[in-house]
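Turn these sequences into a full structure, and let the hints steer you where they fit.
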Amino acid sequence: MNQETKTKVSEAEQGYLGIQGVDVTGESAKMNNMPTGDYISDVVKNGGAQQAGLTKGSVITGLEGTTISDMNSLKEQLQYYRVGDKVKVTVQVPGNNGEYTEKTIKVILGSKA
0 MNQETKTKVS
10 EAEQGYLGIQ
20 GVDVTGESAK
30 MNNMPTGDYI
40 SDVVKNGGAQ
50 QAGLTKGSVI
60 TGLEGTTISD
70 MNSLKEQLQY
80 YRVGDKVKVT
90 VQVPGNNGEY
100 TEKTIKVILG
110 SKA
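The sequence shown begins at 0 in numbering that gives the first Met the number 0 and counts up by one.
No wet-lab data here; the hints were simulated from the structure. In this text the structure is predicted, and so the values were computed from the model without any measurement. Note that the Cβ used here is the ideal one computed from N, Cα and C, for glycine as well. You can take every hint at face value.
Ranges of calculated distance between the beta carbons of each label pair, as one might list FRET restraints:
1) G56 <-> K105: 15 to 21 Å
2) N96 <-> D41: 23 to 29 Å
3) K74 <-> S27: 16 to 22 Å
Written as structure tokens, this is what we have:
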């Protein structure tokens, strides 16, 4: 709990990761042998996520050290970051044998427009 107090950014200035996601909750995570978080179902062309190397099929589990358990928690955290901010995204990347490997990727947030 040594994070700085954050201030929400106005909606017009909020940064956008550039993904479409699907919640991976406890039940579906167990059934599919996946980590809980936000499954990347699509990456927006030329968005921050694509430029940083995030790929469809990975699961976002953290943003700037805060646990991401679903799409709502991701959106909640993004309220504090502006377009152009660089954020650290923790993702679980699927491997060939069904195992996930954790990676931290720096993403420069884009705009929703």
